[in-house]
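Peer 1: The listed protein sequences derive, respectively, from chains A and B.
Residue numbers in the first sequence follow my numbering, run continuously in steps of one, and reach 224 at the last position.
Residue numbers in the second sequence follow my numbering, run continuously in steps of one, and reach 1155 at the last position.
No lab work stands behind these hints, which were simulated from the structure alone.
Computed from a predicted model, the values in this text were never measured in an experiment.
This list has only true hints and no planted wrong ones.
Derived BS3-like pairs (lysine-lysine); straight-line CA-CA distance at most 30 angstroms:
| no. | chain 1 | residue 1 | chain 2 | residue 2 |
| --- | --- | --- | --- | --- |
| 1 | B | K950 | B | K916 |
| 2 | A | K14 | A | K35 |
| 3 | A | K190 | A | K54 |
| 4 | A | K80 | B | K857 |
| 5 | B | K949 | B | K916 |
| 6 | A | K97 | B | K857 |
Using C-beta positions, here's what the derived DEER-type ranges look like:
| no. | chain 1 | residue 1 | chain 2 | residue 2 | range |
| --- | --- | --- | --- | --- | --- |
| 7 | A | A61 | B | M1048 | 29 to 37 angstroms |
| 8 | A | G174 | B | A1051 | 26 to 34 angstroms |
| 9 | A | F142 | B | A872 | 26 to 34 angstroms |
| 10 | B | A1051 | A | R137 | 34 to 42 angstroms |
For each residue, glycine too, the CB sits at the ideal point set by N, CA and C.
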Amino acid sequence: MTQESHIIKFKNVTKRFGGLVALDSIDFEVEKGEFVFITGPSGAGKTTILKLILGEFAPNSGEVVVEGKDLRNIKPKDLPFYRQTIGTVFQDFKVLHERTVSENVEVALAVLGLSESEWPERIAHVLSLVGLSRQANLFPSQLSGGELQRVSLARALVVNPKILLADEPTGNLDWDTSGAIMELFEKINKEGKTVVMATHNQEILKKHKKRIIHLEGGKIK
Amino acid sequence: MFNIHLKTALGYIRRSPFQAMAATFVLTLTFFVATIVSVLVYSSSKLISYFETRPQVIAFLKDTAKDTEIADLQHRLEADERIKEVKYVSKEEALAIYKKATSDNPLLGELVSPSIFPASLEFSVMDLSFAQGVIDEVKGEPIVDSVGFTAALGGEASLEDVVTRLRNISTYLRIGGIIFVGMLAATSLVVLLIIISMRIATRREEVEILDLIGATQGFIRSPIIIEAFVYAGLGVFFGWIIAFILVLYLAPNAVLYFGEIPVLPKETLGLFELFGIILGIEVASGVALALGGSLLAVSRVKKLK
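Looking at chain B on its own, in the form it has when it is part of the complex (with noise of 0.2 angstroms):
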């Protein structure tokens, strides 16, 4: 039975060429932005865990604090729940980063001592929450000269400042990214509600003769809402495939500019399981639209017949 509705849908556009072109695009396009948005905002979260849990709070050490106070206050900021990573850095350790982040002028790595570099306490902490209680107790021990963070995007005063802007950013994206698909989503339900509707308007005289032999509402509306799934259908997979295509083709660069920040799953596996999820959301919100825009078309001709 299915197989009629199909053949019969599969005709409508068949003999319509440019409304199935004109609709497909539009929903093509759609698509297209939405996965594109949604890897947008994949990374942007994942770009703001990163920036959260990295090790970014640096307690530098007085010099006259002695061995057994550093690993007092070692143990301690480690017995902390709201504390991880702890990593104590030496003062030589200390000169070798520098020398490491100053290796392309070699000149300024000669000029110093290991003396000049304080000795550190480096450390994360669970929920950025925590962050300002955190950095205030460290602040009040005896053995701390200073506590500085190691993140800045510009001029930001505190790592909460760093991880706000970082918010702001991915806010802005998510929802700049949610009203543009959203438009698009609308121009696509309108451009299949004018081709449903016209579609309707040229079957006027086979809707006639299927009410005349006995077909059901259902029975001819069915080719119809086939024919909308089929719109929505290749619009989902063109545009969830080219941008599918496009991001695997930047996605090599985007990781070598982002170094360590896992914008995008390393791993083939992991980016073809994000995809996948995309392309299942995708199909829902295409059954969504493609049965909206259909039967939203059919309720405005009040008789099919």
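Okay, chain A solo, but in the shape it has when bound (with noise of 0.2 angstroms):
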């Protein structure tokens, strides 16, 4: 295995909030395209890897390898600019209420500068994949909580991210739906998509045959 396969890369991370130590000394690697679950009990420190990733904040100690690029060397004003390359999925949905699912989509095509001529083959491509095609012009609150996460999902895919990180992504949803947007996960991981998913499901854990990376106070089991 190169170096360069590795998109993901945490190398002694150790990452405390005041006296607490959500993540301590840890050592992992996501390969590109790969599909991995960081699971454990809550305030295990699965949120915390996300948004290290994400760089939301810094680690205290140790490196934090994205791409080549650790992230430490990112100036503030190019985080932005990082962050567009990434995709984001939610627990609790995080959509604009006050937009359409077509204009939550929208957003993401405008933060990345796309030009509006673009957007529409896009939108529609993406609202396709994730089968929200008829609610295009829905508002978040005519949705139920699988379309609501759909939508976010759609928002992730559609700037084309390397990398979908996902933050218990089924956690508000029933069993049924929280299948069906496991498999839409699968089918965009096969597209090639690297995708890093924190969830305790253990029924999907269980169902979708994965590297699982396990944590327990904030150390790797």
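Combine both chains into one complex, guided by the hints.
Peer 2: Below is the structure:
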């Protein structure tokens, strides 16, 4: 395995919040195109790992390297451009409630600075991918939980990210809807995108045979 | 790209109509008063200019003055660079002026003859600062009996006093106007600041999402700044148009009242030009107000995350 095949690398990373150690000297790597579950009980440090990858904060020690770039070397003004290469999906969906499904996806393209002439095709494609073509003009208040998560997924995918981070994406969904969302993640992963998903849902872990990084008390077990 | 920011800004305005109305009303009032003050400043400067340049000095000639002496003095005055519009008024013409002035009481006109009115040389000075010197010189002429002024607002001893008084009124008008408009502008700025700050507070979740998907600070702030521009734009437009309509409505009466004094441009094109200039200045002020208000609000929220 060559160094270049790692898209994400954590090297002896420690993150503390005040006196609380969220991550304690952890090391792991994620290969390009891999699907990895980060699991563990609440407070184990799953979300902290995702936020470190996203550059929301820096580790107290150690290195977080994404696509060969040490995140410590990214200047604050360049951070938005780095984030534009990463798709994020959250348990609480984080959709813009005053915008329609289509407009929620549109925002990501606007952030990317893509020409407006390219928007309709890309939006139509991604909405079709997540099965929301018919709901394009509906507002979030008119959608179910599963549909909201699909909106979030569509917004993450429309910018064609290399890495997709998902923080408990099925946490607020029933089993059937969770299954459908997970099928989507599988499909996206098969298209070559790297997926890092934090979850404590054991059923999902059993059903989807992927590498698991298990955390407990901020350490990998 | 601008479309999405404009759409977002208009969305904010639509969702908070009362905040939008408050901002627009205050800005409208500010720019309405600013327009009116600008017109008053323009009119007062025209009034001063009129009194400064109209023929004001009258040199009354002695009855003994010969035509050749009068002609000589007139030529010398006309040749003087400090003096303009020299006009000879004969005894008969003076009587005619008197009769015209007392036409509402014909008896007064019948009781006088041309012989009691002195002939005179009327002229104005190029600049008011020359007035006293010229008057003193003319008083020294052997054929000049006395020198008088045609304008007075109330007990002023000289032309300079008249203009000084007008200048004082104009200065008070300008200072008062600037203070009043300044206070209104400050109020507008504070209202904009409050509304934009409230907008930032209510947008926290949206800002957090935009931040996560890699929006730059410029992208996040653009709708906020555009919203401030919309308020300022509406304020400028409504304030200016209301004042314009009011002035158009009052202009005929003002022109009639002030007669030949050009307190407002008499041609429609001139009036449009005046209001065009005022609009241009107000648009620039509106831009400054919108930028100042929104950027100040954004900077107060140290981190838009």
